[in-house]
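Participant: Construct all of the structure, not just a fragment, from the sequences and the given hints.
Keeping their order, the protein sequence lines are chains C and F.
Each residue of the first sequence is one higher than the one before, counting from 67 in the numbering used here.
Each residue of the second sequence is one higher than the one before, counting from -2 in the numbering used here.
If you're looking for bench data, these hints aren't it; they were derived computationally from the structure.
Mixed in with the good hints, there may be bad ones.
As the list claims (entries may be wrong) - Selected chain F positions facing chain C (in silico; Cβ < 8 Å): (1) N5; (2) T9; (3) E13; (4) I19; (5) R23; (6) F24; (7) A26; (8) M30; (9) L183; (10) R184; (11) G286; (12) T349.
Bear in mind that the values here come from a model prediction, so they are computed numbers and not experimental data.
Don't be surprised by glycine CBs; every beta carbon is placed ideally from N, CA and C.
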Amino acid sequence: MTTRIDRRMAKLKAEGRPALVTYIMGGDPDYETSLSIMKALPVSGSDVIELGMPFSDPMADGPAIQAAGLRALKGGQTLARTLKMASEFRAGDDETPIVLMGYYNPIYIYGVDRFLADAKASGIDGLIVVDLPPEMDEELCIPALKAGVNFIRLATPTTDDKRLPKVLENTSGFVYYVSMTGITGSALADTAKVSAAVTRIKGHTALPVCVGFGVKTAEQARVIGASADGVVVGTAIVNAVANVLGPKGEKTADPAEAVATLVSGLAQGVRSARLAAAE
Amino acid sequence: MNKPAMPNSFRTGPDEQGMFGIFGGRFVAETLMPLILDLEEQWNHAKNDPEFKAELQNLSTHYAGRPSKLYFAEGLTKHLGGAKVYFKREDLNHTGSHKINNCLGQILLAKRMGKKRIIAETGAGQHGVASATVAARFGYPCVVYMGATDVARQSPNVFRMKLLGAEVRPVTAGHGTLKDAMNEALRDWVTNVEDTYYLIGTAAGPHPYPEMVRDFQSVIGSEARAQMLEQEGRLPDVIIAAVGGGSNAIGLFHPFLDDKEVRIIGIEAGGRGLDGVEHCASMNAGRPGVLHGNRTYLLQNADGQILDGHSISAGLDYPGVGPEHSWLRDSGRVRYEPILDDEALEAFQLTTRVEGIIPALESAHAIAHAMKIVPKMDKDQLVIVNLSGRGDKDVHTVAKMLGMEI
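Facilitator: Structure representation (structure tokens):
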């Protein structure tokens, strides 16, 4: 069965350009603002939305996304509200794929079966759960695949050729290549190395390979997008929200507008990626 | 398969996936997965390697000072007027707690694996000090992550770590306690995968850590069991240990798990009471969830967000517990009881006065439970309390609680 992710990736491939995958933290800084940011993403050129599920202990995230998660939790965000946000978005946009990204515990506590049913009903297309490696596939990955929800796995620089097949085995939608060993928001790794890694992974799978961790500017998106099927931007977007919040969390400008400006620039970056590569 | 099934043994876990029943496992980011698999492989080789065992044995004896004594606490026994109380004197080990047992084992493993840098998390600072100690002894740079709250309340240990050449990085996230320190250590590890060895201090985290730390700490129970047989000619009736992450407790308990006549009691930090959120009694007031690489009992809200908890004792101030304890709880083999801050404080003072031993606040929780049950037991019954560490580090905290300035 094909999902919105498969359809979107196929369409972009036909257009000959990489996808712009944008991450926002669900409920940051509050539900309504976050929903308005989410709605602004496709309009500004985002092709796939990663919707962060806030967690109290985000072990793979850097300070920016940690802070965003705390703002969201403080604003009353829960997993149920993140799902509600997705379904409200879905009411006005039935094409842009939504991938939920976060950590396992809130899903485990919500109940895996109930979560998958509600996620499906809310128009969720895929899941990225950072702390569920292939060794724990029985927990959520297998049930998700059965429910028709893509389970998108992270491949990292430590995932060698021996391990790659295991990582790719139950992956669907796309493969998320983490450009470096480290937490989100660190400096971008050597782009030549990233391209080599993308080529290596493509030797093992027909799935699209999107690259994230460290991509902040349109120029970086352009360079990474020359070899990758998609470019993921997270921390820069989360920072765009944080930058228009005052010391007490009050809005000093419209966060949706700030995000839209950034994403428009990034969208131009990915749209010129293959042109530049062809030169 | 000629090996007989042992359905009644509590000592066979974890399984190959690192599970103790539904608990344990390997819930980590992909970046760390190859490292954890490598660690497991290296550990499986090391634990059966006579050379590794001999080196650890030698260091345990001549550097750490093992075996630690099983001491008849006559003063406390008289005071309580019931069963005979014995202390397993882990406080007499080098660095002042049981933590050195695990650190010596893991530093030898790090050396074997060719790692260049050691990181550790610490709550009370006991594990941080033990890590800094073995890093100094074996010539490794060492970074210790410690919650900012703990840095403030355990300042003597912070200074000790610095003297030993370690860098102490205060962590301000959350309540600035052990949970936050562990998050930050994991972030360091995921960034510095090539050269760094993560020396986890408790019997928790992703497989193989819970098993490995337990095996290094089981020397406590093995010695205590043999010592009790030698000194009293029989096994104890009750053994008690405090449980934060649970390494001193699993170390004492594991060798006794199949001795059905021995009652085993783990003590959780009851803080200011289990009614509110100011405690760390994850097995009495929490529910199973996934954090820090394993599934275990956790303090959390209805949305699966982890709570911070509270304990007077920095070493028990953790919203989770090692997965084997969760399994032992559910299987009914070990009972877990809470002890309040005030009760621990009272035990701390009493032990100091009647035994001339200043126990760590963590260990004082275990003693406090002994104070409750020993008077109701017969005089010919035997109780072992794990005196997991000495309390010098806690004098500032205790003085503050008692309203004194030092």
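Participant: Each hint needs a verdict: does it hold in this structure or not?
Facilitator: Cross-check of the supplied hints:
1. N5: 27 Å, violated
2. T9: With a closest approach of 20 Å, the T9/F hint is violated.
3. E13: The hint is violated - E13/F has no Cβ within 8 Å of chain C, the shortest such distance being about 10 Å.
4. I19: The hint is violated - I19/F has no Cβ within 8 Å of chain C, the shortest such distance being about 11 Å.
5. R23: Check passed: Cβ of R23/F comes within 5 Å of chain C, closer than 8 Å.
6. F24: 5 Å, holds
7. A26: OK, holds: A26/F within 8 Å of chain C, min 5 Å.
8. M30: 5 Å, holds
9. L183: With Cβ-Cβ at 5 Å, under 8 Å, it holds.
10. R184: Holds, about 5 Å.
11. G286: 5 Å, holds
12. T349: With Cβ-Cβ at 37 Å, over 8 Å, it is violated.
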